[in-house]
Amino acid sequence: MSRMLVLLNQLKTQAKPNWLTDGQLLNHPAATASPPEGGLCKCSPQLQLLGLGLRLEELDLYNDRVIIKSATMDTQQYKWVVEFYTDARGRSAVVEFINALPAQERAKVRNYLRLLREFGILLGMPYARPVSGHRSLWELRPGAIRLFYFAHTRRRFIILHGFRKKGRKTPRREIATAERRMAEFLEGEK
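Everything in the sequence shown is counted per our numbering, starting at 11 for the first residue and increasing by one.
Simulated from the structure, these hints should not be mistaken for lab results. By construction, the Cβ of each residue, glycine as well, lies at the ideal position given by its N, Cα and C atoms. Fair warning: there could be bad hints in the mix.
[Stated by the list, open to error] Computed Cβ-Cβ distance ranges for the label pairs, DEER-style:
hint, residue 1, residue 2, range
1, Pro112, Glu197, 33 to 41 Å
2, Pro136, Ala103, 22 to 30 Å
3, Tyr137, Arg178, 16 to 24 Å
4, Gly198, His144, 17 to 25 Å
5, Val91, Arg151, 16 to 24 Å
6, Thr163, Pro140, 17 to 25 Å
7, Lys200, Gln114, 38 to 46 Å
8, Lys118, Arg166, 21 to 29 Å
9, Glu199, Arg101, 12 to 20 Å
10, Gln114, Arg164, 29 to 37 Å
11, Gln114, Glu199, 30 to 38 Å
12, Ala113, Glu197, 33 to 41 Å
13, Ala117, Glu197, 32 to 40 Å
Let's have the full structure, built from the sequences with the hints guiding it.
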């Protein structure tokens with residue numbers, strides 16, 4: 011029996027509503043018989059086991075990982091809020107940057123922000139990752155666009171800075187801008 015069948019059988023024995031059966035998953039056009047070692051990504055049925063109240067309605071196989079195509083939450087308390095940094099004059103350079111993007115890139119940024127609101131701190135690669143050398147600074151990665159953010163109290167993400175990445179390494183000045191804005195935001199919260 012493949013690892014996927016074993017995992018699905020384990021999940022079905024927990025008598026949770028809306029779980030897919032073996033046949034439904036294996037008849038999926040993109041289904042594979044044996045997933046790679048590890049099998050499920052962190053956006054998988056394991057969320058149900060963490061007690062987050064997530065009921066899966068549909069699974070989709072993508073790039074040898076199982077991802078949630080659509081899911082419902084038992085309560086809205088699991089959603090995160092995304093806020094944009096504003097300076098002392100009430101101006102938001104991040105919003106201005108996003109609004110100046112071409113329509114296709116702007117749509118991709120909106121989609122990534124929606125994923126951030128939906129999955130919160132569980133959102134990982136290829137969508138988001140921590141900025142190396144910084145414990146609390148993260149980057150959202152919609153294509154060549156980078157949005158620096160951090161998680162704050164009351165399930166809030168604060169989007170600090172946005173720029174278009176042109177090389178392999180993130181320019182130090184862009185990270186410094188995000189760090190400065192984070193310090194200003196936290197100082198203003200006191």
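Within 32 to 40 Å or not, the Cβ separation of Ala117 and Glu197? Once the Cβ atoms are compared, 34 Å apart, the range 32 to 40 Å for Glu197 and Ala117 holds.
Okay, Val91 versus Arg151 on CB: inside 16 to 24 Å? Holds, since Val91 and Arg151 (Cβ atoms, about 20 Å apart) stay within the stated range.
Given the range 30 to 38 Å, decide if the beta-carbon distance of Gln114 to Glu199 lies inside it. holds (35 Å)
Confirm or reject the claim that Pro136 and Ala103 have a C-beta distance inside 22 to 30 Å. With a Cβ separation near 25 Å, Pro136 and Ala103 satisfy 22 to 30 Å, so the hint holds.
Is it true that Glu199 and Arg101 lie within 12 to 20 Å of each other by Cβ? Roughly 18 Å apart at Cβ, these two residues keep to the hinted range, so it holds.
May I ask you to test the hint 33 to 41 Å on the CB atoms belonging to Ala113 and Glu197? holds (36 Å)
Lys200 and Gln114, beta-carbon distance inside 38 to 46 Å? For Gln114 against Lys200, whose Cβ atoms are near 40 Å apart, the range 38 to 46 Å holds.
17 to 25 Å as the expected CB spacing between His144 and Gly198, which holds or is violated: holds (20 Å)
Starting from the hint 21 to 29 Å, judge whether the C-beta atoms of Lys118 and Arg166 obey it. holds (22 Å)
Cβ separation of Gln114 and Arg164, checked against the hinted range 29 to 37 Å: holds (33 Å)
Pairwise beta carbon distance, Pro112 to Glu197, judged against the given window 33 to 41 Å: Since Pro112 and Glu197 have Cβ atoms about 35 Å apart, the given range 33 to 41 Å holds.
Take a look at whether the Cβ-Cβ distance between Tyr137 and Arg178 falls inside 16 to 24 Å. Given a distance of about 19 Å, which is inside 16 to 24 Å, the answer is holds.
Figure legend: structure checked against the earlier numbered hints; every hint is met.
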